[in-house]
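Asker: Dock the two chains into a complex; use the hints.
Single-letter residue listing:
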Amino acid sequence: MSEWPKIRTVGLSGVLVTFAGAMSEPGNRAALAFRSAVDEQNWPEVTETSTSLVSTFLEVDLASVPLAALTERIENLLEKQDWLAAPLPAGRKLWHVPTLYGTELAPQLEEAAEVAGIDPAAAVQEISTSRVRVLTIGFAPGQPYMGELSETWNIPRQQGLTKSVPPGALVIAIRQLIVFTNAAPTGWRHIGQTAFGTFLPDSDQPFTLSPGDELIFPSVSPAEFERIRSTDTSGLGGASREVLK
Amino acid sequence: MTAHLTIETAGPAMSVQDQGRPGYRAQGLTIGGAADRIALSEGAAILGQLPEYAAIEMAGSGGRFTADRDIRIALTGATMSANIDGEALAWNASHLLRAGAVLTIGGARNGTYGYLHVGGGIDTPPVMRSRASHLAGGIGTLLQTGDVLPIGKDKGRETARTLSSSDRFGGGTVRIVASMQTEDFDPETVARFTRNTFRRDARANRMGVRMDFDGDGFSTAGQLSIVSEVVVPGDIQISGDGAPYVLMYECQTTGGYPRIGSVLPCDLPRIAQAQTGAQIQFEMVDMETAMIAQCRFASELSALGKQVVPLVRDPATMKDLLSFQLVSGAVSAPANPFEQES
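Residue numbers (the working numbering), protein chains in the order written: chain A, 1 to 245; chain B, 1 to 342.
Bound conformation, chain B alone (with noise of 0.2 Å):
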């Protein structure tokens, strides 16, 4: 028999991601999926299951949830308030939502989205080979009150895990390479990129997150003669009012507006999840750089599983656990395993 994950109420901004819809770039379709794929890693450690297995994603805050039959849930990425009829739970780990149980997921404490994983997975039916919805292509939709989610079978049966999540919530320094139209822009256009501390504006969602700025914009010569071309997630676009757009998953596959750089894949979760405010500043690297950080990145994230503690279920110790991570982001487990040359 199929368990149910029931959405009682649906917070604003809920769908369901997986790890995107790569292969239609040629057809127009981005690959989409979950805006932070490291929290979908550390759900499936956390689950012991695999990392492409579908999740609920809230942007923002989540909603109330049950499940017509016992299942293991964990909670991934923007650090949310959370209870299980009213008993508060640890983020960042796994835990036992019995049937007919009420969960609730509040609003993010750091951060902007959060995730919902369950063991099994949720196993609605494949667009095109992946789950995910693309909002901006016009696949799926978000998440409403009612509805009722059917969720793959859960081979594991652990519950009351945890793992240290990477501080990626509070903006900071994220590292750009340059990509093909960089030198479009003058050298001093791009040291100037480099120098400024841009803050997360408002202006921002699945396809892309606006950096605001004080001083001038930034340009190139031939801005507007620049033919369409190809457009990859973490490209910078200078759009017509010399404002750069940090393209996300959801993003177009063509565009003429210029690229002055691309954030590099493991550094994107830090745009996606810095909040509105939050300062960014943007550092060149050079493509070896990149390439060591990139395959480092990519190692840490298969060993994730390997990370994964028991959580402490002492009352006592759990709360001390929650104001730990509300303040950092981070449990207190020893290593971080996404810190970088450290």
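Excised from the complex, chain A in its bound form (with noise of 0.2 Å):
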């Protein structure tokens, strides 16, 4: 039997379902396609699904739950298909946001570019027409870790942390970018600025975007990110969207 998927308990919060060792597109395809069919089940006990870059964590209380009936319903779903090769979710939207990179609003593009080993139009040019897809929402509210970029972009996490990026900074490490929703400290590279919100509480869609959701960053000029900032009242940014087929 192989190691993966592996199923283990998170305290007495729920239980993980762990399709690989790191991060992989299947893998990641299998978290998101095991959370929907969990969430189709309507199993009573599950009270929250959600998943992370590879795997689908099913909330439910272990105090009362007996985790043997629960395990076994569980590898019989696990059963039904070959989940590293599911499709992605239905209904994905791709999204345009426009980016300013570089600049004083986001001064590391420069340095990202020296690390990876490219001049920074060439690191623009590429970034600005790569299209990235949300592995996961996580570590605050609504904020997408989109992915995978080139090897190229294989760079590390910086040494220090910077200490604050201002929502809507476009930031990049290990192949993948984050756009932040809240002003945050961070290990990543700060190369683009966006008026994306992310997470808008007071609206009727609170959470802009959806792991599978795909998305396109392209360059715009100071003058233009300063017109969509004072002009948006959306608090998307400029952003526009089309539905997947």
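Simulated from the structure, these hints should not be mistaken for laboratory data. Predicted, not measured: the structure shown is a model, and the values here were computed from it. The reader is advised that the hints may include incorrect statements.
If you anchor each label on the Cβ, the simulated ranges turn out as follows [unchecked claim]: (1) B:D241 / A:Q205: 36 to 42 Å; (2) B:K306 / A:L67: 29 to 35 Å; (3) B:P310 / A:Q41: 46 to 52 Å; (4) A:H96 / B:N196: 48 to 54 Å; (5) B:D241 / A:A68: 37 to 43 Å; (6) A:A68 / B:P310: 46 to 52 Å; (7) B:M1 / A:S230: 38 to 44 Å; (8) A:E226 / B:D216: 48 to 54 Å; (9) B:I292 / A:A69: 14 to 20 Å; (10) B:G156 / A:L67: 37 to 43 Å; (11) A:D39 / B:Q144: 39 to 45 Å.
Here chain B is said to cover these stretches of chain A; the calculated rule only asks that three of the stretch's residues, wherever they fall, bring their Cβ under 8 Å from a Cβ of chain B [said to hold, decoys possible]: (12) 21 to 34; (13) 43 to 51; (14) 60 to 66; (15) 135 to 144.
Built from N, CA and C at the ideal position, the CB exists for glycine as well.
Answerer: Okay, here's the thing in structure tokens:
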């Protein structure tokens, strides 16, 4: 029997099903597809589900739910298909998010390009045309972890922490991008700035993105970015979206 | 007509809290809510209302409050000095706050988080079905001097009721169970972890509490290559410098630092309420022991209403009650409903 998927308990809070030992494209699709399959089961003891990069979490009150019966249900569901070959979720969207690269608003573009070993113009050219997928939402409300960029961008986190990047900051490390929800410290490098709100608590749709959505971050001029920032009232910072078939 | 509570002077870290906002972990938002859930249930029991009602959480110290109508209040959690127009109030009890009278709540004498409950609950507009401020997540803010909070309709009438509080304010032994990454640590490291005596570090907030200790840090062999996984309140995360952080209700939803174990939900208030420097030990229990403890806790919590008794109102006795409380963190009622295994 393979080591994966692995079923483990998380304190008394629930059960984690992990599909791989490191970030992988099939592992990520498996986690998303398995979460959706669990949701369809409507198991009464499962109060909430979520995914991280390559695993699915089932929140269950293990103080009152017998673990053995639950594990058996999970195993039966796991056997139903090859989750690593599962397709992406339905109803995904493609977002175009206007982004200002570099300048004093995104001061680590040059540094990130240098670590990646290319010149800054080529870096902007590549990143602004790369289509990335939301691998997971986490750490802060609505905050996407997106990937995967080309091997060029397999750059480590910086050694120290940047004290704070603003909301909407586009940061990069380990072939992934993040748009920050709130001002926060980070070890990733701040290469672009957007006015894209990933969490709008007072709106009908507080969370802008879902795992599986795809994004492109086209480059805009400082003047265009300023125009967007001063006129946008939607919280989406000039972003447009289309439904993916 | 709606009653209002005005904050005449706000302490440094007061916020509206309830039992949190479940259901958004997949979108990156943890449950949040009161750091000490027991205190919410105690306040609700004393006022004879639902534990879902929102209250004011006061970290370290309170403030000055007035109401524009006569309202009922209850005070729970970390004991703080309290008076209405200069007349001292018993903690862990309900009182009448007359319109215009000034309620003053001072610094914590034990524990960290005190709670001010009102009859009918704080009735600020819910955001995504909860009134809890989630400061880390960007929902709500700390309360400020001059804030005026609406109060819900109070269906109860009784005041001068009290409840013995569980002693959870001075650190002590906290039970943990193994979690998904416990076996990534070698058994000797886990054993050393549970033998150690930790101290609550000053670095602590509603997201997590750092544990200070002497000697070597705790680490796993594969510490830096662990893939980010789900985080739940109670998780003990070992940070890069080898120090444990107990994660609280406002923690992040995912994290790449390994978790050595997870605090039982019923023991989490003890972490929240421990004061800086208080000694804490972690006792590893098996799943069955943990289940029994947690179930017993849940049933005791739901039966708190039966423990409520009239507050003895003779001033001389009240003084005695107060001093009793300051020493032990419990008033002199018979049984301690949260005492386990004894």
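Asker: Quick one: which hint numbers does this structure break? Sort them smallest to largest.
Answerer: none
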